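Undergrad: Guided by the hints, dock chains B and C onto chain A, whose structure is given.
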Amino acid sequence: MGLHLILMLVSIITVAPYLWILSTSLKYRTEVFTPTPKWIPWPINIQNYLEIFQMAPFHLYLINTVLVVTGILAVQLVTITLAAYVFARRNFWGKEFFFFLFLIQMMIPIHATFLPNFLTLKTFDLLNTRIAIMLPFFASGYGTFLLRQAFRQIPRVLEDAAVIDGCGGIRFLWHVLIPLAKPTLLAFSIISLVSHWNDYLWPLIVTDTPEVRTLTIGLGMFVQQESGADWTLLMAATAFVTAPVMIFFLVFQKKFVESFMLSGMKG
Amino acid sequence: MKRMFRLPVYSYLFPGLFFMAVFTFFPVFMSAYLSLFRWNISNPSPNFAWFSNYLEVFKAPLFWLVLKNNLIYAFTTIPISMSLALFLAILINQKMGSVRSFYRGSLFYPTMIPMVAAAMLWVWIFNPGLGIFNYYFGFLGFPKIEWLYDMRYALIAIIIMSIWKNFGYYMLIFLAGLQGIPKHYYEAASIEGAGPWNQFRYITFPMLAPATLFVFVVAIISSFQVFDQVFVMTQGGPGDRTNVLVFYIYQHAFRFWDLGMGSTLTTLFVMGLLIAIWLVFRVIGKRVYYEV
Amino acid sequence: MRKIILVFTIFFFIAGMVHSSETWAQMTAKPKLLRLTFYYPVGVAGPLARVIGEMTDKFNKENEGRIEVVPVYSGDYDPTMQKVQTAIMAGNPPDIFMVEISELPTLLTMNAVLPLDDYVKKLGKVYWEDFFAPFRENAVIGGKIYGIPFQRSTPVFYWNKEVFKTAGLDPEKPPQTWDELRDYGQKLTVRDPKTGDVKQWGVTISGGWNDWLFEAFVRQNGSWLISPDGLKANFNSKEAIEALEFWVELKHRLKVGPPHSTWGSTPPDFVGGRTAMLYHSTGILTFLKKSAKFDFGVAFMPKKKTYGAEVGGANLMIAKRISKERQDAAWKYMEWMSTSKNTAEWSAASGYVAVRHSSYDDPVMKDHVSKNPEYLVARDQLKYAYGKMMGKNFQKVREILKRQLDDAAAGKIAPAEAMQIAQKEIQGVIK
Numbered sequence: 001m002g003l004h005l006i007l008m009l010v011s012i013i014t015v016a017p018y019l020w021i022l023s024t025s026l027k028y029r030t031e032v033f034t035p036t037p038k039w040i041p042w043p044i045n046i047q048n049y050l051e052i053f054q055m056a057p058f059h060l061y062l063i064n065t066v067l068v069v070t071g072i073l074a075v076q077l078v079t080i081t082l083a084a085y086v087f088a089r090r091n092f093w094g095k096e097f098f099f100f101l102f103l104i105q106m107m108i109p110i111h112a113t114f115l116p117n118f119l120t121l122k123t124f125d126l127l128n129t130r131i132a133i134m135l136p137f138f139a140s141g142y143g144t145f146l147l148r149q150a151f152r153q154i155p156r157v158l159e160d161a162a163v164i165d166g167c168g169g170i171r172f173l174w175h176v177l178i179p180l181a182k183p184t185l186l187a188f189s190i191i192s193l194v195s196h197w198n199d200y201l202w203p204l205i206v207t208d209t210p211e212v213r214t215l216t217i218g219l220g221m222f223v224q225q226e227s228g229a230d231w232t233l234l235m236a237a238t239a240f241v242t243a244p245v246m247i248f249f250l251v252f253q254k255k256f257v258e259s260f261m262l263s264g265m266k267g
Numbered sequence: 268m269k270r271m272f273r274l275p276v277y278s279y280l281f282p283g284l285f286f287m288a289v290f291t292f293f294p295v296f297m298s299a300y301l302s303l304f305r306w307n308i309s310n311p312s313p314n315f316a317w318f319s320n321y322l323e324v325f326k327a328p329l330f331w332l333v334l335k336n337n338l339i340y341a342f343t344t345i346p347i348s349m350s351l352a353l354f355l356a357i358l359i360n361q362k363m364g365s366v367r368s369f370y371r372g373s374l375f376y377p378t379m380i381p382m383v384a385a386a387m388l389w390v391w392i393f394n395p396g397l398g399i400f401n402y403y404f405g406f407l408g409f410p411k412i413e414w415l416y417d418m419r420y421a422l423i424a425i426i427i428m429s430i431w432k433n434f435g436y437y438m439l440i441f442l443a444g445l446q447g448i449p450k451h452y453y454e455a456a457s458i459e460g461a462g463p464w465n466q467f468r469y470i471t472f473p474m475l476a477p478a479t480l481f482v483f484v485v486a487i488i489s490s491f492q493v494f495d496q497v498f499v500m501t502q503g504g505p506g507d508r509t510n511v512l513v514f515y516i517y518q519h520a521f522r523f524w525d526l527g528m529g530s531t532l533t534t535l536f537v538m539g540l541l542i543a544i545w546l547v548f549r550v551i552g553k554r555v556y557y558e559v
Numbered sequence: 560m561r562k563i564i565l566v567f568t569i570f571f572f573i574a575g576m577v578h579s580s581e582t583w584a585q586m587t588a589k590p591k592l593l594r595l596t597f598y599y600p601v602g603v604a605g606p607l608a609r610v611i612g613e614m615t616d617k618f619n620k621e622n623e624g625r626i627e628v629v630p631v632y633s634g635d636y637d638p639t640m641q642k643v644q645t646a647i648m649a650g651n652p653p654d655i656f657m658v659e660i661s662e663l664p665t666l667l668t669m670n671a672v673l674p675l676d677d678y679v680k681k682l683g684k685v686y687w688e689d690f691f692a693p694f695r696e697n698a699v700i701g702g703k704i705y706g707i708p709f710q711r712s713t714p715v716f717y718w719n720k721e722v723f724k725t726a727g728l729d730p731e732k733p734p735q736t737w738d739e740l741r742d743y744g745q746k747l748t749v750r751d752p753k754t755g756d757v758k759q760w761g762v763t764i765s766g767g768w769n770d771w772l773f774e775a776f777v778r779q780n781g782s783w784l785i786s787p788d789g790l791k792a793n794f795n796s797k798e799a800i801e802a803l804e805f806w807v808e809l810k811h812r813l814k815v816g817p818p819h820s821t822w823g824s825t826p827p828d829f830v831g832g833r834t835a836m837l838y839h840s841t842g843i844l845t846f847l848k849k850s851a852k853f854d855f856g857v858a859f860m861p862k863k864k865t866y867g868a869e870v871g872g873a874n875l876m877i878a879k880r881i882s883k884e885r886q887d888a889a890w891k892y893m894e895w896m897s898t899s900k901n902t903a904e905w906s907a908a909s910g911y912v913a914v915r916h917s918s919y920d921d922p923v924m925k926d927h928v929s930k931n932p933e934y935l936v937a938r939d940q941l942k943y944a945y946g947k948m949m950g951k952n953f954q955k956v957r958e959i960l961k962r963q964l965d966d967a968a969a970g971k972i973a974p975a976e977a978m979q980i981a982q983k984e985i986q987g988v989i990k
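Protein chains in written order, with my numbering: chain A, 1 to 267; chain B, 268 to 559; chain C, 560 to 990.
Everything labelled a hint here was simulated from the structure, so no lab data went into it. Predicted model, so just to flag it, every value in this text is computed and none were measured. We put the CB at the ideal spot given by N, CA and C, even for glycine. Treat the hints with care, as some may be off.
[To be verified] Ranges of calculated distance between the beta carbons of each label pair, as one might list FRET restraints:
1. Leu592(C) with Gln47(A): 36 to 42 Å
2. Glu96(A) with Asn465(B): 38 to 44 Å
3. Phe467(B) with Thr123(A): 38 to 44 Å
4. Phe293(B) with Asp689(C): 26 to 32 Å
[Unchecked claim] Chain A is faced by these chain C residues, among others (derived, beta-carbon under 7 Å):
5. Val631
6. Lys720
7. Gly831
[Stated by the list, open to error] Calculated Cβ distances over 12 Å to all of chain B for the following chain A residues:
8. Gln54
9. Leu158
10. Leu219
11. Val245
Chain A extracted, bound-state conformation (with noise of 0.2 Å):
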């Protein structure tokens, strides 16, 4: 019993605040001025969430940041899947010095690359388009990584029949290894879209307009004013910014759920 006291308390604190960001989006403006916070706005007011479009291009943003993940997952679904292969089914020279490479890579962010990239990419006058979001990005020594247990899991033997029957290398990778390795491509997936329709840091610092920018950097935008915050129109844009990848989670949970965990496994 106490067991289901703490954690429903646990989880009616961390649920509330996304409560809150929906009512105060339905509220009218003057009505978030009171002392006692109303947690049931009344009367409703969905106003606010057509408003946010005009201020700012959100449809645009939200087709900018879907381009932007898919882009990313589709070229690193590529390159972690090459390398895990071959660290997973061959032996090389240099094998491990290799793998401690996609390894450390993995230690390294964003965060500790932006401004080089940013000359790189002004060398290359790539600044502000979509690519340059998307390209520091396309390899992943952490999706490579987990696609690397995975075909390990898979049995040997398969591949040596395989063999046998002509079929090798990339077929095999593609017909047998990759189907078989479908749970973690997925879970992998899930992981790499969420996390990049979330991204911040660098598409700020790469993107300076509308056409390119993506949701986090337009609702970003919408607290830096010169004149008197707004609260219900930045909730109604919070709102809809975590929108889709929230209703996919509420949908999918278990798929999510299952990725996220399956990332600590043997990593």
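TA: Using the frame of chain A, we list chains B and C on its own:
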């Protein structure tokens, strides 16, 4: 036998290595190189200046304040988040019906939203007059704190919201680890007369060692990556009491346009990060049951 | 095999879409059409981005087929400056931009701003001298004109008439002097009798741009902080130290005002009744009028030796390193935006001060101020206003000053010492 076309091994590695080389490794060397130059508004072209940037960094009291802020942040968020996560993971791991997914989802969802969204929300929650934090906090008898506007409390506010944001992920990792512990270990221990605390100490904790190590390393790395919430909530203030390393680098590079100093700070950051991780693995990693 | 093709197709499709919008825009641009980008900073509360958009649409229609200006909303002053600088460094500057006025020396060091004297001369004295003198100050360095005032403001003093009544003060008489301010501040600070928590601050001197507000206090005490040429710092004058001592007295000793706050948090605080009096930009007036449920007043900031203020806001500027053709087109836009009529329209819609004397003769403006005389306060205060301090590396200057102001307001450092540090560090940075 092997007549089919087989790509040379290194070509499999090439795509990943290429991007890593250009966007992860080369930048490390580039910032180390640039850190030896004075390159800012007063020096629009880079001037070689040996280690004068480093001297300037170490002489600036603000740099040490920034480091101190990062350390305070790390030494509070890491233990608190980890213990909270472990505690809740153990609770959730107990026998219960489908309500488990409700608890799990409720505690984990903050990981799904962008840090900037959480930051916006918590600016509103921490508003001294109108925010719900002070309102409910007041019932516990605490005075109304000005939170993000008070030099003494701004960093604490950031710590509180960061814990809220991150503990769910750590909890999941621990949960995964817990589920990997065979139940019969506990059964055997019960039969031997071991109580819950001893079961935790001799079964749970050791078997969770890989998970704990993972969470610890992730927590350390992410504690030095703090940026989004500072940028949105306090811009490093008031009085630089929430200025953290990554924000400090950003300020130098993109506010003051001091690219030389920015590179110097970046290089120090990378060095610190690598040393910290090496230390962790050296000291703790060896004692963990691990297959490589 | 088919699947490989599929994967690559999807990949290239995505890559293609990424580039498509950029190239499509260029392809559909009619030949000979000059498309200019215009980076501007506007607060989001209030439909100011829309106003800029509408005004620009009008200009584009009048110049259809020849010039098209694309306004790019870039956030507040800091992010806009950052984006402008990034674009300049990338060799791809926006053709027209509006940045905070004190950034001019930095932009000059980057050789990024076009002198406008030739254009301005063609329009004669009637044009240039129609702009209020204090607004012109930050547009001129070394005798050359670099910007056209557009989005300009001064700090003003707001007070909540209803809580004045409650405290027994005449709601129509705001404090005129620093002494009165101190006195009223004490009368208007309301604390919870049980906990001692402040329920209502007497006076809030807004943080965020507290460096801007501090300069106003120094002006009120008869002194200055940085010389007009941006080279000499004067932070350790007796008057500046006195101004900071006054702040520390209000914020730390008497505790009638919060020691720290952010620029965006204090207007809602005022509207929510958290503070009785407020120092902030005239630019929030529209927000206050729309949100406050009580009667409030707008006045000059209280004086010490004199009324004093400095200006703020942003000027329109043209990038230097673009073709002459683009420069001419950019000027056409700027000239259009800065007519009496358009500056009047902009001011009426935004709450910023109309930058030209003749704007106030415009019927739209006349109508606006007859209904809302509060909007005239900032203009009238211009009599006592000076240009805003500026210098090279201004972002650094701000950080240094704000740090000392923050520390002093928290009681961590004595005002005299704080100003000495500020003087030493700032002088080192602007030379």
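Undergrad: Indicate whether the distance between the beta carbons of Phe293(B) and Asp689(C) respects the range 26 to 32 Å.
TA: violated, 55 Å
Undergrad: Restraint: Val631(C) near chain A, CB-CB cut 7 Å. Satisfied or not?
TA: holds, 5 Å
Undergrad: Could you tell me whether the CB distance from Phe467(B) to Thr123(A) stays inside 38 to 44 Å?
TA: violated, 55 Å
Undergrad: For the hint on Lys720(C), does the least C-beta distance to chain A fall short of 7 Å?
TA: violated, 17 Å
Undergrad: Close enough to count: is the Cβ of Gly831(C) nearer than 7 Å to one in chain A?
TA: holds, 4 Å
Undergrad: Is it correct that the beta-carbon of Leu219(A) has no partner in chain B closer than or equal to 12 Å?
TA: violated, 6 Å
Undergrad: Checking the smallest CB distance to chain B, is Gln54(A) really beyond 12 Å?
TA: Holds, because the least Cβ-Cβ distance between Gln54(A) and chain B comes to about 19 Å, which exceeds 12 Å.
Undergrad: Val245(A): least C-beta distance to chain B exceeds 12 Å?
TA: The claim breaks: Val245(A) does not keep its Cβ more than 12 Å from every Cβ of chain B (closest is about 5 Å).
Undergrad: Is the nearest Cβ of chain B still more than 12 Å from the Cβ of Leu158(A)?
TA: Non-interface label on Leu158(A) holds, nearest chain B Cβ at 17 Å vs cutoff 12 Å.
Undergrad: Taking 38 to 44 Å as the stated bounds, is the beta-carbon spacing between Glu96(A) and Asn465(B) within them?
TA: holds, 41 Å
Undergrad: Quick one: are Leu592(C) and Gln47(A) within 36 to 42 Å, going by C-beta?
TA: With a Cβ separation near 37 Å, Leu592(C) and Gln47(A) satisfy 36 to 42 Å, so the hint holds.
Hint check: violations occur at hints 3, 4, 6, 10 and 11; the rest are consistent with the structure.
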